[in-house]
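Number of protein chains: 2
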Amino acid sequence: MFLNRLENVYKHMELEGLNQAIISDSNAIFYLYGTFLHVGERMIALYLRRGEQPILVLNDLFSFEDSDTRVVYYNDKDFGPDKLLPYISHHEALGIDKSFPSRFLISLMDLHAASAYKTCKAVDYARFVKDELEQKLMIESSHINDLCMEDFTNALRIGMSELEMQEECYRIYKKHGIDRVSFTPIVAFKATAADPHHEPDSKTILEDGDMVLFDVGGVYKNYCSDMTRVFFTKKPTAFEEKIYNLVRKANEEAIKGVKPGVKLSDIDLIARNIISNAGYGKYFTHRLGHFIGIEDHDFGDVSSSSEIIAKEGMIFSIEPGIYIKDKIGVRIEDLVMVTKDGVEVLNEFSKDITILNLC
Amino acid sequence: MFLNRLENVYKHMELEGLNQAIISDSNAIFYLYGTFLHVGERMIALYLRRGEQPILVLNDLFSFEDSDTRVVYYNDKDFGPDKLLPYISHHEALGIDKSFPSRFLISLMDLHAASAYKTCKAVDYARFVKDELEQKLMIESSHINDLCMEDFTNALRIGMSELEMQEECYRIYKKHGIDRVSFTPIVAFKATAADPHHEPDSKTILEDGDMVLFDVGGVYKNYCSDMTRVFFTKKPTAFEEKIYNLVRKANEEAIKGVKPGVKLSDIDLIARNIISNAGYGKYFTHRLGHFIGIEDHDFGDVSSSSEIIAKEGMIFSIEPGIYIKDKIGVRIEDLVMVTKDGVEVLNEFSKDITILNLC
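In the order they appear, the protein sequences are chains S and C. Number 25 in the working numbering belongs to position 20 of the first sequence; there are no gaps in the numbering. Number 44 in the working numbering belongs to position 39 of the second sequence; there are no gaps in the numbering.
I should point out that these hints are in silico values taken from the structure, not numbers from a laboratory. One thing to keep in mind: the hints can contain errors.
Put simply, identical chains are the same to the list, so a pair is met inside one copy or across any two.
What the hints assert, rightly or not - Once the Cα atoms are required to be at most 20 Å apart in a straight line, the calculated DMTMM-like pairs of lysine to aspartate or glutamate come out as:
1. Lys-345 <-> Asp-331
2. Lys-103 <-> Asp-30
3. Lys-287 <-> Asp-65
4. Lys-82 <-> Glu-155
5. Lys-287 <-> Asp-83
6. Lys-264 <-> Asp-115
7. Lys-356 <-> Asp-271
Extracted from the complex, chain S is given alone in its bound form (with noise of 0.2 Å):
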């Protein structure tokens, strides 16, 4: 068990009143123990209490070993919430971490588990920021990220659909030694980068002139990489420049004002002002970014409405966007760390306008 993380949980639990609480989501449980456990709908709990010892209530068609956790089997006769149900304090207020399935929870409020129930982002508030380790993995996963973006462009070819290029992004993560994307790739020829969640398609042929939008990002031992770029394959017209630029700008001028002490919200503001002073506000409409570490979107987000302060540590993405739709669309991200006093980008690609040349 990672000790240290187990104690900024305890931290975070403190600061949320809670002395009791029960972990589930799997990438919570690989974030305190480097393992993942797969359990599927079958019950996984990890009840926490500072000063003992942390028990883990698991299905026994699963092993786990962990020197400093007590693992309490049940098998598939039993009911989950009832071998959990001993371990509560019943008197007291019980912590739910986010994504504990709502079935497992009535159970526990129907025996009566606890005083009352609350959820628990001890862990999501933990993993934050980013410690030593794994701040390591997310350079180096971004690092890969760039190296094949290099060979996406490579890629592609006139007469190919988005379908075949996301069957190529497949492939070319594994020769980089990455078995697992971070999502499925999202490639977008013309105007169907007009939906900033386009799923690629076998109609839609990449033709001369196209402009060319991949999101993609890949799983590097556990970590996630992120990032967007946007390619011509012609000299664009003054419009998809003027849209280009705007773009990068507001991506350039967010990452600019990332330093510790900032909120958030501030960032958001910076890169939504840029697009909507030049008149594209309505048509940038999501959010600036999200966190990414051990999932693509760890819990946090750089919005409007986001109350994070930046600290040393912390990993997020920056990708404003503007999208017309049947006319453009286009998405410019990086992932950026907060560092000691500022903010270092993970992502090294190129932004300049790039026009390539294919066969």
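Dock chain C against chain S, hints included.
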């Protein structure tokens, strides 16, 4: 919207004593609409109340249209549960489907959204019985799995690792038009099969004389297959043959017992008794089977504690096994469908002892 499926869900809500419920599970949404809405960490909630139009509360990053449904959008600045609140009848109990994340449920409780909160399994119960379209897809899905199993045995080579064979499985599924697997294919050489959830590794190399276990399934038009077979690479020893035939008998006798009206716990018992009476009861460490359909593990199981009564149209696995650590692991699994007066086995792949001639 599949209105017949919705009607079924309402019937089960009534049996649960619920006038209103929230459905959020992406597979439940697929069941009702035939469309997957993957919203990640964002809230999605389908509010159901018989006699009123279903209301789908959805983040506006996603778009969805259905003539039977009112779609209510919220954006990243809104808090999902706030948007849902006005539609809930506050003086009645509210059903919550099984995997609604606890953070949203706790928020609804804090907002006093309803008088009580109950786990709503109405969609899960409705999904127990596959309708005509689903049965057709399940039959076809298992048929393709049979064909793939044949190709897997042909791809085996002495000297390859489990991981290499697993990659072959992906390739072969793809060749058969299957882009997504029901679950990570389990390939086990030698005694690694004694772990029912063994993860194929690169260390375990196929040698002449090994036993080989495949537990594999693919997703065909969103419906899952799942089958386990064990093969020999030389004449089995008397012990291997005994264990194999015992598991096979448990599989076949349990299947013979399936017909409408039978308790699934009794089906589990048939298989368990056969293995126990031969002295290997303690090595059959898991339930006999699980429901399957849109998910590899649909809700519901075939176990000693199952209270489900077999009904025409139900589809589940029958998969007894014997696992003796460091020695042997055998599991034989078929998918079966309850028919009007008996059972149809969806897998036709032979269960005879098969000795493969490998190079």
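Please list, smallest to largest, the hint numbers that this structure does not respect. 1, 4, 6 and 7
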